[in-house]
Amino acid sequence: MNKSILSAVILTALTSCSAFAAHTFTNDTGDSLTLDGRFDVRYQDKGGDHNGEWNSGSSRFGLKGQMGLDNNWTGFGHAEWAYNSGSNGDNIYNRLLYAGLEHEKYGKIAAGTKQWSTFYDVAWFTDMGRVFGSRGSGYYNLSDWGIASGTGRAENSITYRNSISYNWKYGFTYQTTREDVDLADGLKATLKNGMGASTLYTVIDGLTIGLAYHQNEFDDVDAAVQNIKDGDTQRIGLLGVNYTNDALFVGFTYSQGSNWETTSKAEFYDHRGAEFFTYYHFENGLRPTFNVNYLTDTDDNANGYERQLIIPGLEYHFKENKFLVWTEYQFDNGSDKSVGNHYENSNDQFAAGIRYYF
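The numbers in our numbering rise by one with no breaks, and the one at position 303 of the sequence shown is 303.
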């Protein structure tokens, strides 16, 4: 897409309501630009003496481009930004930035500063909560929620995805060196040689089983970090099952890891954890949800740290997955709040919001 066409597309999108509603714009040669995102306004009460707060939730805006190339190759790119306001602060930051090539036979390869890892191809089965959840299976670890470690929006990464048959897919992720990674409690390390893989098999229509793996090597570890040293490796494996039809969604993930999770005091530990998420979407627009997270150590290095979260929710969709109101309540039955040299139960929390996808 040449610069004049791209500029015209963006200008039209920003100044015309009817054009903006179309989302995807295509030129005479078939090159396309898609605009997407969401507006999210939420209220959250963190329990105890907290007075409640308003924030911008996970509001975001994205651009996706696609261009036909010779020999049945397609070039693509994706950029996404998030916007913070209210108690979240006041700033715009990048969430995704990657570009690559795709071929029906040879697969899809992408490189970027941030992109969804192949580990997340399985992890998303239970990453469905509006605010709470996604804290039992390890893919949102460390201080940046799986960006540096490579199981979420993998930083400095190359991904490759392809399929063996229509119901069997696989993928690989590689990450270059990530320096000054925030671990916890202000302590840092370097992560090197990030490598991961995943595979998904659709057993029958609607039922998919997935396996995923990822690892990193530690270097330049701050002296105060506990239970790891330079040269150690962190690893995580994940099993996922997902079933979905027109109304019902069920997801389950189970993980085991070594040196993967850390407490708020930068105490690394081996873990096992699980998540369960389900909803049923009624014809009248109501969607009750239920989310359970559990994570514990397997090596006694976490000093009693344990996550146990039970999260019921209720949504009403004025237009399914386009405009909705929602509420969630998190019952915290674990020992995940640092008090002195031990961990205690955290406060229960409540959140509610409005979300509009465009």
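Treat the hints as calculated values from the structure; they're not laboratory data.
Glycine included, C-beta positions come from ideal geometry on N, C-alpha and C.
Check before you lean on any hint, since a few could be wrong.
The calculated label-pair distances, taken between Cβ atoms and stated as ranges, are [claimed, not checked]:
#1 Ala224 / Glu283: 14 to 22 Å
#2 Leu286 / Asp222: 45 to 53 Å
#3 Leu97 / Asp28: 26 to 34 Å
#4 Asp28 / Asp180: 28 to 36 Å
#5 Tyr280 / Asn162: 30 to 38 Å
#6 Tyr243 / Leu286: 18 to 26 Å
#7 Asp222 / Tyr329: 32 to 40 Å
#8 Tyr280 / Asn347: 27 to 35 Å
Straight-line alpha carbon distances no greater than 35 Å define the calculated DSBU-like cross-link-like pairs of lysine-lysine that follow [said to hold, decoys possible]:
#9 Lys337 / Lys64
#10 Lys229 / Lys64
#11 Lys319 / Lys169
#12 Lys114 / Lys265
#13 Lys188 / Lys265
#14 Lys114 / Lys229
#15 Lys114 / Lys46
#16 Lys265 / Lys322
#17 Lys265 / Lys229
#18 Lys319 / Lys337
#19 Lys105 / Lys192
#20 Lys337 / Lys105
#21 Lys46 / Lys169
#22 Lys108 / Lys192
#23 Lys229 / Lys337
#24 Lys114 / Lys337
#25 Lys114 / Lys64
#26 Lys229 / Lys188
#27 Lys265 / Lys319
Hint by hint, here is what the structure shows:
About 56 Å separates the C-beta atoms of Ala224 and Glu283, a value inconsistent with the hinted range of 14 to 22 Å. Distance hint check for Leu286 and Asp222: the Cβ-Cβ separation is about 49 Å, which falls inside the suggested range of 45 to 53 Å. Remark: the range hint 26 to 34 Å for Leu97 to Asp28 is upheld by a beta-carbon distance near 28 Å. For the pair Asp28 and Asp180, the beta carbons lie near 47 Å from each other, so the given range of 28 to 36 Å is not met.
Look at Tyr280 against Asn162: about 34 Å separates their beta carbons, and that is inside 30 to 38 Å. About 20 Å separates the C-beta atoms of Tyr243 and Leu286, a value consistent with the hinted range of 18 to 26 Å. Checking the proposed 32 to 40 Å range against Asp222 and Tyr329 shows it holds: the Cβ atoms sit about 37 Å from each other. A C-beta distance of roughly 29 Å is found between Tyr280 and Asn347, which places it inside the suggested range of 27 to 35 Å.
Annotation: proposed proximity of Lys337 to Lys64 is violated, straight-line Cα distance about 40 Å (limit 35 Å). Straight-line distance between C-alpha atoms of Lys229 and Lys64 comes to about 41 Å, which puts the hinted pair past the 35 Å bound. With a C-alpha separation of about 32 Å, the suggested pair Lys319 and Lys169 falls inside the 35 Å cut-off, and the hint holds. For the proposed pair Lys114 and Lys265, the alpha carbon gap of about 27 Å is at most 35 Å, so the pair holds.
Between Lys188 and Lys265, the direct Cα distance comes to roughly 12 Å. Compliance with the 35 Å bound is thereby established for this hinted pair. In summary, the hint linking Lys114 to Lys229 is supported, as the alpha carbons are separated by about 27 Å, within the 35 Å threshold. The straight-line distance between the Cα atoms of Lys114 and Lys46 is roughly 30 Å, inside the 35 Å bound, and the hint therefore holds. Among the hinted pairs, Lys265 with Lys322 is inconsistent with the structure: their alpha-carbon atoms are about 40 Å apart, more than 35 Å.
At most 35 Å may separate the alpha-carbon atoms for a hinted pair to count; Lys265 and Lys229 meet this at roughly 16 Å. At most 35 Å may separate the alpha-carbon atoms for a hinted pair to count; Lys319 and Lys337 exceed this at roughly 39 Å. A C-alpha spacing of about 31 Å is found between Lys105 and Lys192, which places the hinted pair at or below 35 Å, so the restraint holds. For a cut-off of 35 Å, the pair hint linking Lys337 to Lys105 is broken: about 50 Å separates their Cα positions.
Taken as a hint, the Lys46 and Lys169 pair is broken in the structure, with Cα atoms around 40 Å apart against an allowance of 35 Å. Of the supplied pair hints, the one linking Lys108 and Lys192 holds, its CA atoms being roughly 24 Å apart against a limit of 35 Å. With a C-alpha separation of about 25 Å, the suggested pairing of Lys229 with Lys337 holds against the 35 Å cut-off. Using a Cα cut-off of 35 Å, the hinted pair Lys114 and Lys337 holds, with the two alpha carbons roughly 30 Å apart.
A distance of roughly 14 Å separates the Cα atoms of Lys114 and Lys64; the hinted pair therefore holds under the 35 Å criterion. Under the criterion of a C-alpha separation no larger than 35 Å, the hint pairing Lys229 with Lys188 is consistent with the structure, at around 12 Å. Taken as a hint, the Lys265 and Lys319 pair is broken in the structure, with Cα atoms around 44 Å apart against an allowance of 35 Å.
Checked against the numbered hints above, the structure breaks hints 1, 4, 9, 10, 16, 18, 20, 21 and 27 and satisfies the rest.
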